[in-house]
Amino acid sequence: MNTREHDVVIIGGGNAALCAALTARAAGARVIVLECAPRHFRGGNSRHTRNLRVAHSAPLDLLPGDYPEDEFLADLLRVSGTTNEALAQLVIGRSSGLPEWMRGHGVRFQTSQRGTLHLERTNAFFLGGGKALLNTYYAAAERMGVDVLYDAEVENLEVDGGRFGGAVVRSGGRAQGIRGRAVVLAAGGFESNIAWLREAWGPAADNFIIRGTPFNTGRVLRVMLDAGAQPVGDPKACHAVAVDARAPRFDGGIVTRLDAVPLGIVVNALGQRFYDEGEDFWPKRYAIWGSLVARQPGQIAYSIVDDKVKGRFMPSVFPPIEAGSMPELARSIDVPAEALGATIGAFNRAVRPGTFDHATLDDCRTEGLAPPKTHWAQRIDVPPFRAYPLRPGITFTYLGLTVDERARVIMTNGMPAENVYAAGEIMAGNILRRGYVAGVGMTIGTVFGRIAGEGAARHASR
Amino acid sequence: MPPADLLHRGEHTLTVCNSCRYCEQYCAVFPAMERRLTFSDADLVYLGNLCHNCGECLYACQYAPPHEFGIDVPRTMAELRLHSYEEDCWPRPLARAFRRQGALTSLVLAAGFSAILFAATVQLNPSALSPGRTDAEFYAVVPHGVMVAVFGAVGGFVALALGVSVWRYWRRISPRGTPGPTPRALARAVRDALTLRHLHASGPDCVSAEEARAPWRRWWHHATLGGFLLCFASTSVAAVYHAAFGWEAPHPYTSLPVLLGTAGGVGLVLGPAGQWWLRRRRDPALADPAQQGLDASLLVLLWLTSATGLLLLALRARTVMGPLLLVHLGVVLALFVTLPYGKFVHGFYRLAALVKDAAERDADGSV
Ligand SMILES: Cc1cc2nc3c(=O)[nH]c(=O)nc-3n(C[C@H](O)[C@H](O)[C@H](O)COP(=O)(O)OP(=O)(O)OC[C@H]3O[C@@H](n4cnc5c(N)ncnc54)[C@H](O)[C@@H]3O)c2cc1C
Ligand code: SF4
Ligand code: SF4
Numbered sequence: 001m002n003t004r005e006h007d008v009v010i011i012g013g014g015n016a017a018l019c020a021a022l023t024a025r026a027a028g029a030r031v032i033v034l035e036c037a038p039r040h041f042r043g044g045n046s047r048h049t050r051n052l053r054v055a056h057s058a059p060l061d062l063l064p065g066d067y068p069e070d071e072f073l074a075d076l077l078r079v080s081g082t083t084n085e086a087l088a089q090l091v092i093g094r095s096s097g098l099p100e101w102m103r104g105h106g107v108r109f110q111t112s113q114r115g116t117l118h119l120e121r122t123n124a125f126f127l128g129g130g131k132a133l134l135n136t137y138y139a140a141a142e143r144m145g146v147d148v149l150y151d152a153e154v155e156n157l158e159v160d161g162g163r164f165g166g167a168v169v170r171s172g173g174r175a176q177g178i179r180g181r182a183v184v185l186a187a188g189g190f191e192s193n194i195a196w197l198r199e200a201w202g203p204a205a206d207n208f209i210i211r212g213t214p215f216n217t218g219r220v221l222r223v224m225l226d227a228g229a230q231p232v233g234d235p236k237a238c239h240a241v242a243v244d245a246r247a248p249r250f251d252g253g254i255v256t257r258l259d260a261v262p263l264g265i266v267v268n269a270l271g272q273r274f275y276d277e278g279e280d281f282w283p284k285r286y287a288i289w290g291s292l293v294a295r296q297p298g299q300i301a302y303s304i305v306d307d308k309v310k311g312r313f314m315p316s317v318f319p320p321i322e323a324g325s326m327p328e329l330a331r332s333i334d335v336p337a338e339a340l341g342a343t344i345g346a347f348n349r350a351v352r353p354g355t356f357d358h359a360t361l362d363d364c365r366t367e368g369l370a371p372p373k374t375h376w377a378q379r380i381d382v383p384p385f386r387a388y389p390l391r392p393g394i395t396f397t398y399l400g401l402t403v404d405e406r407a408r409v410i411m412t413n414g415m416p417a418e419n420v421y422a423a424g425e426i427m428a429g430n431i432l433r434r435g436y437v438a439g440v441g442m443t444i445g446t447v448f449g450r451i452a453g454e455g456a457a458r459h460a461s462r
Numbered sequence: 001m002p003p004a005d006l007l008h009r010g011e012h013t014l015t016v017c018n019s020c021r022y023c024e025q026y027c028a029v030f031p032a033m034e035r036r037l038t039f040s041d042a043d044l045v046y047l048g049n050l051c052h053n054c055g056e057c058l059y060a061c062q063y064a065p066p067h068e069f070g071i072d073v074p075r076t077m078a079e080l081r082l083h084s085y086e087e088d089c090w091p092r093p094l095a096r097a098f099r100r101q102g103a104l105t106s107l108v109l110a111a112g113f114s115a116i117l118f119a120a121t122v123q124l125n126p127s128a129l130s131p132g133r134t135d136a137e138f139y140a141v142v143p144h145g146v147m148v149a150v151f152g153a154v155g156g157f158v159a160l161a162l163g164v165s166v167w168r169y170w171r172r173i174s175p176r177g178t179p180g181p182t183p184r185a186l187a188r189a190v191r192d193a194l195t196l197r198h199l200h201a202s203g204p205d206c207v208s209a210e211e212a213r214a215p216w217r218r219w220w221h222h223a224t225l226g227g228f229l230l231c232f233a234s235t236s237v238a239a240v241y242h243a244a245f246g247w248e249a250p251h252p253y254t255s256l257p258v259l260l261g262t263a264g265g266v267g268l269v270l271g272p273a274g275q276w277w278l279r280r281r282r283d284p285a286l287a288d289p290a291q292q293g294l295d296a297s298l299l300v301l302l303w304l305t306s307a308t309g310l311l312l313l314a315l316r317a318r319t320v321m322g323p324l325l326l327v328h329l330g331v332v333l334a335l336f337v338t339l340p341y342g343k344f345v346h347g348f349y350r351l352a353a354l355v356k357d358a359a360e361r362d363a364d365g366s367v
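As they're listed, the protein sequences go chains V and Y.
Just so you know, we're using our numbering here: the first sequence kicks off at 1 and counts up by one.
Just so you know, we're using our numbering here: the second sequence kicks off at 1 and counts up by one.
Please keep in mind that the hints were generated in silico from the structure rather than gathered at the bench.
One should not assume that every hint holds.
Said to hold, decoys possible - Which residues of chain V face chain Y? A few of them, derived with a C-beta cut under 7 Å, are: (1) R103; (2) N135; (3) G311; (4) A337; (5) A339.
What the hints assert, rightly or not - Where chain Y lies over chain V, by a calculated footprint (3+ residues, C-beta under 8 Å): (6) 46-59; (7) 120-129; (8) 353-364.
In this text, a Cβ means the ideal position worked out from N, Cα and C, and glycines have one as well.
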């Protein structure tokens with residue numbers, strides 16, 4: 001492989017990278033994919049995904065009803081606030097053609113969504129999830145003759161005045177140079193780089209759990225910024241949800257989420273409540289709880305429920321910490337017993353009678369309590385009591401590279417780089433500035449992966 | 001019940017899956033899992049037999065080993081299945097047979113039974129094996145009464161052992177208070193079992209390795225199951241001919257029992273051979289090593305039964321008919337005695353699991 005000439009070098013091995021590789025190869029380019037992870041953990045954060053968002057003007061076989069482009073844009077703007085409207089329109093406009101293209105490479109979708117997260121109209125779900133999707137893409141790439149190098153961390157890029165010459169890859173303990181006529185940067189964000197997160201969050205970052213791959217260290221992003229690429233997106237922002245504190249440090253994915261919160265109260269390490277646990281349905285709120293917990297001492301909090309609500313929420317994959325009395329529970333979770341007792345007492349006294357219904361925004365609430373609990377407030381008084389520890393779980397970061405509608409990286413002088421393209425999380429900040437719209441990450445990565453792959457192949461053939 | 005560590009792994013696996021649900025459209029296991037929040041031991045052995053080991057969910061799993069969650073649904077379900085066979089086996093002490101089987105043991109067993117039949121024939125009916133016999137008279141070699149007595153007794157025991165085991169399993173997975181099967185659910189489960197519907201379910205086919213889907217697994221399985229049922233039908237028709245009409249074997253080549261038996265025999269030669277070939281090519285990660293012998297034993301005995309049966313049919317008017325008949329009967333006896341303690345039981349346990357699944361779906365209105 002060392003001696004082999006490549007037209008297009010693709011950095012990263014997730015969704016955006018593979019979409020670029022398949023497109024560039026189909027256009028006739030000789031393509032190499034440099035994936036930092038070993039084969040088994042290939043696929044970056046994409047291996048944890050389950051769907052992508054697709055605009056459609058009429059029912060498709062896998063998406064009922066319609067999802068007009070305007071509505072898609074409105075959904076995006078409601079969350080993101082601002083966006084690069086031209087790029088957003090481009091992604092939304094091209095999204096409708098994605099399922100067909102994906103199927104052409106063997107991708108399979110679920111047929112009906114049975115109401116999962118109420119996304120059945122807007123989002124196409126991958127049969128088997130993101131890892132199955134990536135397996136299909138890798139198999140297609142292999143069939144088409146794309147070279148893939150695993151355990152291949154790109155340490156440096158030769159980029160001079162917006163012109164890419166080659167990449168320095170560490171693989172099997174030694175560095176080697178890979179040359180190419182064009183490069184596609186699809187190496188994700190910097191969410192698994194704790195030192196970099198510390199720049200924004202201080203020492204609190206040491207207590208963050210990273211939901212996805214440990215390989216998205218932002219190395220390529222950093223090299224490009226140093227080489228004069230124009231940044232985009234809030235450099236300090238990251239998307240964080242509340243996850244079970246016992247989750248693995250990396251790669252816990254979606255199963256570490258905790259659904260107990262709205263059914264009880266949440267206290268910090270001092271035994272104090274700090275936010276309305278019943279503000280809205282949990283899927284609409286779990287994303288704000290990440291930063292709420294990140295601001296508590298030690299970045300830890302505990303969701304506390306009693307036996308009444310057992311069986312009303314999906315159990316955590318980790319067992320609850322259980323105790324017959326509140327002081328005993330306080331000891332097990334290392335929270336001051338008097339403080340916790342006082343918090344529970346005040347909460348129980350403030351609960352107003354109501355008709356509990358966890359399927360609606362019911363009328364069970366507190367009165368005269370700060371912060372209040374506005375729904376599903378029931379006394380916590382039936383032992384055994386159970387606690388689930390919470391920590392911030394980082395999904396992704398927003399800082400990225402500015403690109404144009406041909407996926408070319410824009411340099412600080414405002415000019416597009418000659419042969420450097422970017423796709424996926426590394427440029428998603430052009431479109432998504434904050435928050436998260438389910439499925440939009442994979443849509444951006446697929447659309448821009450294809451654009452970048454095509455552009456890089458065309459450039460290489462010149 | 002299965003050992004505590006297996007139960008614990010099963011529960012951990014399903015709890016993770018239930019939070020994830022990415023695999024929910026591969027098979028019946030995941031929707032059945034989604035009807036639950038927690039998993040009792042009975043749930044685990046139920047779901048174990050609802051898995052048909054298509055393999056998809058292993059490759060799709062972002063938590064598969066070496067991830068620290070170590071989620072391997074096909075393997076876990078396979079181990080739970082074996083334990084359910086052992087646990088509900090009747091009579092219980094014979095459960096140890098499930099882990100002792102293999103291609104070799106089945107060959108030895110078949111040879112042993114054939115040898116006994118030879119010895120008995122030489123002792124009791126020496127003229128039967130004399131050269132020059134070309135009359136295709138099976139009953140001159142082994143008298144009809146002896147055949148009925150031996151195979152009736154063994155067959156009766158097999159039916160009893162299977163019946164009791166499967167009934168025990170059914171009671172275990174359907175404790176009182178859980179939905180019982182409606183006639184509709186029962187009919188659907190039987191139809192799904194006979195048509196091997198689930199081998200067609202998740203889109204095209206089962207996988208033999210990552211992203212390697214091929215229809216062979218279901219075709220070979222169809223050949224084996226169909227072959228078995230046709231042979232069973234052939235024997236039943238022949239029994240009715242004999243008892244009701246006095247028409248005795250050998251039947252003409254164009255008679256119903258011979259036609260059914262020939263078709264079945266061909267299926268049972270091709271199917272097990274194909275399945276054997278497939279087993280050797282399939283990713284070993286999908287199988288439970290403890291059950292290799294179990295699979296091998298059944299495949300070998302089914303293949304030998306049909307191969308010797310077809311040979312017997314072809315050469316029935318030759319001198320070798322006598323010895324061939326004894327070998328064939330020895331193989332069939334070996335097959336019979338291992339049926340309730342071998343891979344064969346999976347069909348019935350799986351049917352019970354399908355019945356339960358159909359009953360649950362009926363009860364909650366999903367289709
Ligand atoms: C738990 C979870 C669930 C999610 N669910 C969804 C969902 O359902 N739908 C959705 O649209 N979005 C979802 N997202 C967001 C989604 O993961 C991203 O938007 C998307 O995966 C980005 O794709 P990508 O190819 O740009 O990056 P990634 O898939 O993260 O790929 C980056 C790749 O670059 C490689 N890499 C990094 N650095 C280097 C280097 N120096 N050298 C070589 N290679 C390198 C990595 O190994 C990796 O292969 C989810 C995220 C998480 C964490
Ligand atoms: S096997 Fe893995 S991917 Fe599939 S549902 Fe279970 S945890 Fe999710
Ligand atoms: S191996 Fe196939 S049948 Fe078994 S649980 Fe997984 S997807 Fe279902």
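query = Looking back at the hints listed earlier, which ones does the structure fail to meet?
reply = When the structure is compared with the hints, numbers 1, 4, 5 and 8 turn out to be violated.
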